[in-house]
Amino acid sequence: MVSKLDDYFRFNEMALNLRAQRQQVLASNIANADTPNYKARDVNFADALKNALDNKSNTIPPLQLDRTAASHVAGTAPETGPGSIGGTALQYRTPAQGSVDGNTVDLDVERNEFVDNGIRYEAGVTAVNGQIKAMLNAIQPG
Amino acid sequence: MSLSNIFNVAGSAMSAQSQRLNATASNIANADSATSPNGTPYRAKQVVFEAIPVGSVKDSGVKVAAVVEDQAPPKLVYDPKHPMADGNGYVAMPNVNPVEEMVNMISASRSYQTNVETMNTAKAMLVKTLTIGQ
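These protein sequence lines map, in sequence, to chains A and B.
The opening position of the first sequence corresponds to residue 248 in our numbering, with each subsequent residue numbered one higher.
The opening position of the second sequence corresponds to residue 1193 in our numbering, with each subsequent residue numbered one higher.
If we strip away everything but chain B, and leave its shape as in the complex, we get:
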């Protein structure tokens, strides 16, 4: 039934947006992590969305095609007492931009909400359809 396909479309968008929110949470949490398991400062991570056909050509859901690392250089902070400081007293800090992350967070949560509403509308339509002939 074509209406129940809306659940697949909206559901794929919801899981993609929650992955984006997850990446944002990770970036904000690590905004001050001067080191990571591989010894380099943490790099901001961003998700890449891609439209995928769900069922037929005309219905496209969303999937996260890749998680990419921000290639911007790390921020250098002058702090000679820091254990990770180099010979000149500078520490390489993560290239996370808190403003960008907050904007991403709001955008992801609003898009998630919109898809929840899409699903609710589709559900109301399906329930209404079931009352035909009663």
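Chain A with its partners taken away, still in its complex shape:
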């Protein structure tokens, strides 16, 4: 019974968790809009949610150097890479317009994504509330 309730809430819980973490990454991008050589990062939300639901969080290998011959030296991304969300690696944004100081933050894009992500988070909270209400209705007599 309890595991059924867990399963029932699991999807929205995962989604809210990932949304909250993505919001943090976007906040970092906005905060570093004036930092030289800072590279804006983001995650593909659909992939992150899929990986989290399939519980593949530990199976994603660190970034590897592309090798075209067996004799090439293998290289693995250092620990201080872009980081990850729920086991899905963050990716660097491709800037539409480059800047002289090497910063790739486009404030319009970041603020757009930040507000969008925030609204979707609140929608997720509303969905969870609806689920809780439905369950309460089901377990309460008359």
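Bear in mind the hints are in silico, worked out from the structure with no lab data behind them.
One or more hints might be untrue.
[Claimed, not checked] Derived PhoX-like pairs (lysine-lysine); straight-line CA-CA distance at most 20 Å:
| hint | chain 1 | residue 1 | chain 2 | residue 2 |
| --- | --- | --- | --- | --- |
| 1 | B | Lys-1255 | B | Lys-1237 |
| 2 | A | Lys-380 | A | Lys-251 |
| 3 | A | Lys-380 | B | Lys-1320 |
| 4 | B | Lys-1255 | A | Lys-286 |
| 5 | B | Lys-1267 | B | Lys-1237 |
[As the list claims (entries may be wrong)] Chain B residues, not near chain A, derived (Cβ > 12 Å throughout):
| hint | residue |
| --- | --- |
| 6 | Ala-1223 |
| 7 | Arg-1235 |
| 8 | Leu-1268 |
| 9 | Tyr-1282 |
| 10 | Met-1285 |
Here the structure is a predicted model, which means the values were calculated and not measured.
Just so you know, even glycine gets a beta-carbon here, dropped at the ideal spot from N, CA and C.
With chain A fixed as given, assemble chain B onto it according to the hints.
The following block gives chain B in isolation, referenced to the frame of chain A:
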């Protein structure tokens, strides 16, 4: 909780931007200071931002890594009556560029505002989260 970490990120950016605004205010205020405590004309000061991890690798805040002095030569102004004038009648004035400072001022205050909005959005999300199950 990961959402409350946004306060740390945005807060660090706000204090960094206010330091930048402070440097700009100092530069504009001293745009005509022909001398300073060490006897040389005032030099424009600029802040250098640096991304620092807040909590984990993926969350970066901002800190002011250094305050550097503009190494451009001082502006020479011809004013023989000035007490600081040299033998040829020229006074060395600060290398502050008022246009650059105004641009910096607008940029710093806009970035500050954006981070305040970031904080407000994070606060709204946290408050909404607290209503789960009510």
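Results of checking the hints against the structure:
no.: 1; hint: B:Lys-1255 / B:Lys-1237; in the structure: holds (16 Å)
no.: 2; hint: A:Lys-380 / A:Lys-251; in the structure: holds (16 Å)
no.: 3; hint: A:Lys-380 / B:Lys-1320; in the structure: holds (16 Å)
no.: 4; hint: B:Lys-1255 / A:Lys-286; in the structure: holds (16 Å)
no.: 5; hint: B:Lys-1267 / B:Lys-1237; in the structure: holds (16 Å)
no.: 6; hint: Ala-1223; in the structure: holds (23 Å)
no.: 7; hint: Arg-1235; in the structure: holds (21 Å)
no.: 8; hint: Leu-1268; in the structure: holds (29 Å)
no.: 9; hint: Tyr-1282; in the structure: holds (34 Å)
no.: 10; hint: Met-1285; in the structure: holds (28 Å)
The structure meets every hint from the earlier list without exception.
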